[in-house]
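Given the coordinates of chain V, work out where chains S and P should sit on it, guided by the hints.
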Amino acid sequence: MSATAKSDSFRVEPVPVRLEGCSKTFGNGARALEPLDLTIRGGETMVFLGPSGCGKTTTLRLIAGLESPDPGGRVFFGDEDVTRLPIERRNVGMVFQSYALFPNMNVAQNVAYGLRVRSVERRQRDRRVDEMLAMMQMADLAGRRIDQLSGGQRQRVALARALVVRPRVLLLDEPLTALDAKLRDGLRLEIDRLLRGLGITAVYVTHDQGEAMALGDRITVMARGRVAQIGTPQDIYFRPADAFVAEFIGTMNRLPARVDDGILQIGSLQLPWQGPAGTTTVLIRPEDVRLQDDDGVLTGMVSVAVFLGDRTRVVVDVADGSSIIVDAPGRTSVARGDTVRLGFDPARLLSLPDRS
Amino acid sequence: MPSILPARRTLLAVALLAPAAAVFGAFFLLPLARLFALGGGGAEGWGAYAAILVEPRYFESLIQTVLLSAGVTAVTLAISCVSGLFLVRNRFPGRSLLVAVLTFPLVFPGVVIGFMVIMLAGRQGLIGTVTEGLFGSRLVFAYSMAGLFLGYVYFSVPRVILTVMAAAEKLDPQLAEAARSLGASPWQVTAHVVLPALKPAFLSAGAICFATAMGAFGTAFTLATRIDVLPMLIYTEFTLQANIAMAAALSFVLGAVTWAVLALARSFAGSSVAAAG
Amino acid sequence: MAGGSRGPAFWGQLAFTLLVCLMLVSPIVLSLLAGVTQNYFVGIRSGVTLRWVEEVLRTYSGTILLSVQIAFACLACTLLLGVPAAYVLSRHQGRATRLVEELLVMPVAIPGLATALALIITYGGFGDFRRSWLFILVGHVLFTLPFMVRAVLAVMNSVDLATLEEGAASLGAGFVRRFFGVVLPNCMPGILAGSLMVVTLSIGEFNLTWLLHTPLGKTLPVGLADAYASLRIEIGSAYTLIFFVIIIPCLVLMQAVARRGAGSK
Chain V
12 MSATAKSDSF
22 RVEPVPVRLE
32 GCSKTFGNGA
42 RALEPLDLTI
52 RGGETMVFLG
62 PSGCGKTTTL
72 RLIAGLESPD
82 PGGRVFFGDE
92 DVTRLPIERR
102 NVGMVFQSYA
112 LFPNMNVAQN
122 VAYGLRVRSV
132 ERRQRDRRVD
142 EMLAMMQMAD
152 LAGRRIDQLS
162 GGQRQRVALA
172 RALVVRPRVL
182 LLDEPLTALD
192 AKLRDGLRLE
202 IDRLLRGLGI
212 TAVYVTHDQG
222 EAMALGDRIT
232 VMARGRVAQI
242 GTPQDIYFRP
252 ADAFVAEFIG
262 TMNRLPARVD
272 DGILQIGSLQ
282 LPWQGPAGTT
292 TVLIRPEDVR
302 LQDDDGVLTG
312 MVSVAVFLGD
322 RTRVVVDVAD
332 GSSIIVDAPG
342 RTSVARGDTV
352 RLGFDPARLL
362 SLPDRS
Chain S
85 MPSILPARRT
95 LLAVALLAPA
105 AAVFGAFFLL
115 PLARLFALGG
125 GGAEGWGAYA
135 AILVEPRYFE
145 SLIQTVLLSA
155 GVTAVTLAIS
165 CVSGLFLVRN
175 RFPGRSLLVA
185 VLTFPLVFPG
195 VVIGFMVIML
205 AGRQGLIGTV
215 TEGLFGSRLV
225 FAYSMAGLFL
235 GYVYFSVPRV
245 ILTVMAAAEK
255 LDPQLAEAAR
265 SLGASPWQVT
275 AHVVLPALKP
285 AFLSAGAICF
295 ATAMGAFGTA
305 FTLATRIDVL
315 PMLIYTEFTL
325 QANIAMAAAL
335 SFVLGAVTWA
345 VLALARSFAG
355 SSVAAAG
Chain P
111 MAGGSRGPAF
121 WGQLAFTLLV
131 CLMLVSPIVL
141 SLLAGVTQNY
151 FVGIRSGVTL
161 RWVEEVLRTY
171 SGTILLSVQI
181 AFACLACTLL
191 LGVPAAYVLS
201 RHQGRATRLV
211 EELLVMPVAI
221 PGLATALALI
231 ITYGGFGDFR
241 RSWLFILVGH
251 VLFTLPFMVR
261 AVLAVMNSVD
271 LATLEEGAAS
281 LGAGFVRRFF
291 GVVLPNCMPG
301 ILAGSLMVVT
311 LSIGEFNLTW
321 LLHTPLGKTL
331 PVGLADAYAS
341 LRIEIGSAYT
351 LIFFVIIIPC
361 LVLMQAVARR
371 GAGSK
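Residue numbers (our numbering), protein chains in the order written: chain V, 12 to 367; chain S, 85 to 361; chain P, 111 to 375.
Only chain V is shown next, with the shape it has when bound in the complex (with noise of 0.2 Å):
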């Protein structure tokens, strides 16, 4: 990959992108963004990860200037507040979910057309066209019509328009959502490494979360128009803020508990715990469970057991009804209808305020 190597003349300063009170409110009375405030770091990779409708698509189109925010919400890039300009003037990179790419231009006239339109003159147009194109590794693609194209070049053809004209930050709407899984993955590691060499300034919206980790310095998760988290990948998968957050990240277990006299009881284990007494719901992620623990404090029965391959997800089902999924080694050999004890570390339990 050439990336790092040939990135040199499209690096730009990093600029920091600012959010102040912004909120949305659209016409028809629908709230789609409580009122915001978010710095992102300049040449930091931000990424928004939520589900549908959660608002992490309204933010970007705000920062983009498709979208004006409500009254007093203001945007800034760097010092320079960019609330009132519209997009046109902003100087911003934008991917789009279905590419974009003007179907009436080739390969190299849709890269060209952020600087035909600032009037770059020709010669110049058409050695960053050829040097971008290098740097993507398409450049034997150029003359191609964009119906020749398949789902991941297309995707690489609208990364370079994008990024050609040198923008402030740069702007991605769900890139790889239409692409099939093996592409996706192919494509991420390459928007990775571009995004490092370039150290360019990136808002990145995902319903994802592999997406999220993979590229993400810090995550913004989201819900229902309002900020759950946000911190590193790390932050949000050890040490979710709240129960939405801990399970929209992974997979999460919900462990039936009592506190009585401020001792936690789950199963045979007893913990000193702070808390208001009666039944309480702890976390646990599946990687934290112990299978066939001597010490186990739970005693369940097998119902699936899933060999992954490195691991095997088991699926048991406690006296109380509930079930609580385990991934075990890949190695380990269980069936069925086994009887099986589980144990955990309790470090490794969270309890976490239920907002949702």
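Don't read these hints as lab results, they were simulated from the structure. The model shown is predicted, which means the values in this text are computed figures rather than measured ones. Check the hints yourself; a few may be wrong.
[Stated by the list, open to error] Estimated spans, in silico, between C-beta atoms of each pair:
# : chain 1 : residue 1 : chain 2 : residue 2 : range
1 : P       : L190      : S       : S221      : 57 to 65 Å
2 : V       : T188      : P       : V355      : 22 to 30 Å
3 : V       : R237      : S       : S180      : 53 to 61 Å
4 : P       : A119      : S       : V214      : 25 to 33 Å
5 : P       : W121      : V       : G38       : 18 to 26 Å
6 : V       : R138      : S       : A275      : 23 to 31 Å
Note that beta-carbon positions come from the ideal geometry of N, C-alpha and C, so glycine has one too.
Okay, now just chains S and P, sitting in the frame of chain V:
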């Protein structure tokens, strides 16, 4: 039909298609062939076809009709482009009423359109009344070339606007957003992205508009008693001059021209293109 | 701009569109008014009357009845000829069927005047046939058949008829059962849209009909042309008003069917 053998399957297809094919063959293909033959069976023989190009009366009529149709097509496309794109891109109160008004005359036959032109530009028409109030003299042009032009535009605007709107609504809105993100102004978005994407729709709608104007008889019959557009010429040749061979030759040529224009547009635009009543 | 604020370009285009609407609508309104005005030259203050409408109904009721009769006969013919044809075109997609499709559309591509002349030349000698309303019907069927075929074909191609039929066949249904039990019910939206189109076009058809009709068998548009050419403007207007009353429900239904089709997709 997996349960039917290929031979039986073909037989069934032929049987189902036969009634339509029989009616079509007997009442369309056969008469059309006779029309062609009769065009060459008059006093001048096959010279009737040559006469269309040689005899000034016929040739001028042909040119006049082509020019009129081309003009109508250009004006209709321009109007439909402006209003159609405007209605697709903007949402405002009363918009659906405007759409309804613009598509309402879709079901009017040519004769009724002719009468609408009389109501607008005839001796007791609206334009006459308005111009008399403003300038003191009545502007009356219903029975002239301008009246015919107005009528054809009236006839075509609803059809073409619908085609343009349908095509524009199918455009991926992200195309325009992508162009804007690259710095294109609203004008540049329209010129570089939207209009090129709508080209097939313009082509097919324009071809329909042109072919329909070439062959329009109802409007001409109401308004153009003194104008020799091709359909009127055919009509007078047939009824008044009783020159059936010439009328047949002219009809055949007219049909060939409109069919060719539509076939050509279809091969470029790809969608189904056909003239309207 | 980002929120879609409205600059001079918006207002300019709105004004232009309103002007176009005015051009289309004002003569319609004027003719509706003229149809119920005592004396159009004097204006509406001469009084409102149904006199002209009554006169038209008295003189021209025959044309209205004939038009409705032909429209429904035409509908029956296009259903019987067009639906099976569309079925074959949908299930056998190849070069031969493409050619058939191309041929079927020709009567729409070729001006009605030319088709009418060709019919007269070929069948004008059969006096009884030439003089009957069936002669007009033949022209209307030719002209409207492509619209029926295309409407039905569009729906047939969108519902994946082949799989539906294979499903029915796997359950043991023979061709006749499949055609009436699976094919027809699933193509109903197309048949409905095509039927409305056929009736509307037939009622308004003039280009063919003017040459095909005889003095004793006039349709509504033929009568309209007569009235426009020779009678006073109030009568022409009253006649047009009656035409609108007949044709507008067709238009409204057609658009309702189209909307429902678009909504369900």
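Against the structure, the hints come out as follows:
1. P:L190 to S:S221: 57 to 65 Å: Check passed, 58 Å falls within 57 to 65 Å.
2. V:T188 to P:V355: 22 to 30 Å: This hint is violated: roughly 53 Å between Cβ atoms.
3. V:R237 to S:S180: 53 to 61 Å: Roughly 35 Å apart at Cβ, these two residues miss the hinted range, so it is violated.
4. P:A119 to S:V214: 25 to 33 Å: Holds, since A119 of chain P and V214 of chain S (Cβ atoms, about 28 Å apart) stay within the stated range.
5. P:W121 to V:G38: 18 to 26 Å: holds (20 Å)
6. V:R138 to S:A275: 23 to 31 Å: holds (26 Å)
This entry does not satisfy hints 2, 3, going by the numbered hints stated previously.
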